[in-house]
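A.B. asks: Single-letter residue listing:
There are 2 protein chains.
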Amino acid sequence: MHWARWGDPEAAQPLAASARGLVELAFGPAVERATTPLPDVRLPEPALDPALLGELVDLLGTDHVRTDHEARVRHTRGKSTPDLLRMRQGDGSDAPDAVVLPADHAEVAAVVSWCGERRVAVVPFGGGTSVVGGLAARRDGYAGVVALDLRRLDRLVSVDPVSMTAVLEAGVRGPRAEELLAEHGLTLGHFPQSFEYASIGGFAATRSSGQASAGYGRFDQLVVGLTVATPIGTLELGSAPANAAGPDLRELVLGSEGAFGVITSVTVRVRAVPEQKVYETWRFASFGDGAAALRDLVQHDCAPTVLRLSDENETALNLAKPDEVGGDSAGGCLVVTGFEGTPDDVARRRATVSARLEKAGGTSLGAEDGAAWAAGRFHGPYLRDAMLDIGVLVETLETATFWSNLPRLYAAVADALTTALTDEQGGPIVLCHVSHVYETGASLYFTVAAKQDGDGLAQWATAKGAASDAMIAAGATITHHHAVGRDHKPWLAREIGPVGVEMLRAVKERVDPFGVLNPGALVP
Amino acid sequence: MHWARWGDPEAAQPLAASARGLVELAFGPAVERATTPLPDVRLPEPALDPALLGELVDLLGTDHVRTDHEARVRHTRGKSTPDLLRMRQGDGSDAPDAVVLPADHAEVAAVVSWCGERRVAVVPFGGGTSVVGGLAARRDGYAGVVALDLRRLDRLVSVDPVSMTAVLEAGVRGPRAEELLAEHGLTLGHFPQSFEYASIGGFAATRSSGQASAGYGRFDQLVVGLTVATPIGTLELGSAPANAAGPDLRELVLGSEGAFGVITSVTVRVRAVPEQKVYETWRFASFGDGAAALRDLVQHDCAPTVLRLSDENETALNLAKPDEVGGDSAGGCLVVTGFEGTPDDVARRRATVSARLEKAGGTSLGAEDGAAWAAGRFHGPYLRDAMLDIGVLVETLETATFWSNLPRLYAAVADALTTALTDEQGGPIVLCHVSHVYETGASLYFTVAAKQDGDGLAQWATAKGAASDAMIAAGATITHHHAVGRDHKPWLAREIGPVGVEMLRAVKERVDPFGVLNPGALVP
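From first to last, the protein sequence lines stand for chains U and B. Numbering-wise, the first sequence is residues 230 to 753 according to this note's numbering. Numbering-wise, the second sequence is residues 230 to 753 according to this note's numbering.
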């Protein structure tokens, strides 16, 4: 992962001339924006006393405690647009004092326990892909801040082919998890846009949801067990697929964002590697028609493995090919369906879905655009860097609600973003798609692009605040799958109310009595 | 509900002569055991000061605060076999001092708040069907104990036919919920054996699971929102079908058994009333073969609406008809499948399931026995009273684990029960069935019958303890759908470990600072 961009810059494609043309059409001439070189990133003086550092070295060995400039920069914040803007501008003020790399659960537990004793803040670090400020610890009152990088917890511990479960250590990244499971003919089926870098522990700690959630389920639905190192001891959960043994404490660890403990391994449900994958696109006359069709599928228990619906704006942009810019568009809204399984299973489910989508007014566009979507499914974040390079701020926001409330939520958030980002020179581009569906509702995923104003930070904070206010005012959730971190915390408090906040605080204070676990994250 | 038996005695069938013959064959001559008459049940002197009672009357009105003998007896404990044994013997020592009947959320909230201020213990009471000691409050240190009966919270508040959700008040009982929803063409699809009496709030507070869970899901999977009155205020949850807004606090309220607050309404997922219901039975050569067939169905995403598998003992007993007693049995194990939906949907799913069950070695026995099972699905608890009348103790226990561990768990619990209940005169009858299936595992539901020894209480406590130890030693859960109450509490602590216990205690102490909510239940 690049320290100030998404992913591996080698894998990034330069902005196509046609895309640049579109951007200049919308926002005027490009303004090249440079990135501060890595050595010039400004870091705070390390606060951690050398004696304390020595104790960490005693625990983990000298190779596994790093304090060099680059290690600190690479563990500073996550990958939200404000995170990138700050880092590009050379602001490394949230850097940890040290990066520690424990080898296994026992070493993680030792570090967590030591941090409690020494009042050192500790931020679990998986893939570093947070887009909600999940990795920037509060510093006040602590003897220092360490990033606990889980990359050495990288094993597939065991596979149970009868129960169709597997135990993965928390530091295993998405592609590596799939590789390890594929040796057993298995897949996790979890493909969020952060897949290439995000880790198993991070998926659990943030309630990640993947692009194939309609078929495989959200990550929280895939978790059957967890091991967690807390300052008061180790927590092991997962005695059965489901039970009535009181509140489900797994659901208290899922989404806990390192504030209740460090997840060191996760027992997940797995499936057989699908023999066939087929993607297809459909066109509907409007976003409302498309949403009704998605709802029909999921409420009749025949959702495909992948199911998403772009609104008119996103459809127009995604379908615009270089030679079509400025030309006529057939309009409407694009639906992507994907089917994974045995050829028989794929054929049967695809036939059912096709019949229902046709009846709902959809027109199949065939498999070509579907394959293009699948091929480009992890490219979005790279494009964002290319846009930031030319002075265009791009960010995403997501929420969810019940089906009957979806039109209201859609309009409210789009309006809030448009209003907040419009000035005398023009307004933003706001795109939206339904990214995840449930029997009772769906998520909305917004992408917004605007000409960067100054350092972009105040501009984005205003827009983000307006959109977040609109979500809560519409009775929706502040986040469907990006988690809370620091950025969503004020709205989480409004979403769960004062009693809900007290529940979180009570657990936090009990398992982390000195408040060293990811201070400032999640808990209002 | 009868005060010392299950349900409405008018609906109970007398023990068939053939069944009595079977019992005498197993346990020797029947010993008639009488029940103490209602007026002779011994209750503790009411502890609640008249001034406090007066304050309750001020809150709720004189008609809604009851202190008469019968009301107190009817709100004493639940319906476990030890509960019935004690009540039959005239022991009403766990009776509340008063029964209060608030009308709505506001009145419940007022009572809960008042109980906190006045240090009065309060036990939420829905259907009174607990079989785990969920309703017997600890008395020490309290100014008194009141049962908070939710029967007046009996409304279907709203229906959202687009999102397919409905809001039901907590006191609505199973059959009434189905009646109210049926007026809108909807069903909840939740049919536990306690269905006729248990309430919506109780389903949520205990993580109930119904006989059609394979098709409709557990009750916790049907809940999308909750309103809860706690001593520190009202908690409202359910902003979206799913989200990443921190830990899922709904899952902390589900299974909280009145210890964190009183659930006053629940937003549930609903479905269209099925046009057709078809039940069928199948025979497999062994319990292992049957379990493998169930696993195959659920891991290939084609489980029917109802799916259960009886072991050899339960199969032999259930299939024994009067004229077959002592005759040859075809042996093997019985599977019940049920399909609910449109005729097309039922036909399609039944064909898929039939093909897989045949391939797995099953033989269809047709729909006749399936219909008989469906007709008698709520009769079990009535039979228990008839057995207690002739000195035979009958009780059920349930647990769950992952598929690969199922054979070990099955053997361990059956052995523990058999060993604990065998004396020089003989041993118990132990029956078992798989009652609920998941992709990664299943539940086991044991029924045990033994000749009552003395008052039966010590005898049962020994057997229950041995079976519970066996569950935990096998790495399984102490309860799949009966909840924790007081009876499972020591084993819950072993299941979730000391950190898990601290999490529960932290929440309990924060939301219920004076410990008045169902004291002694759930939290170790």
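Calculated from the structure, these hints are not laboratory results. Hints should not be assumed to be uniformly reliable.
Which copy is meant is left open, because identical chains are indistinguishable; a pair holds if it fits in one copy or across any two.
Unchecked claim - Only pairs whose alpha carbons sit at most 20 Å apart, straight line, appear in this in silico EDC-like list of lysine to aspartate or glutamate:
1) K718 with D530
2) K737 with E504
3) K718 with E465
4) K506 with D698
5) K506 with E412
6) K506 with D333
Since the model is a prediction, treat every value here as computed from it, not as a measurement.
A.B. asks: So which hints don't hold here, by number, going up?
C.D. replies: 1, 2, 4, 6
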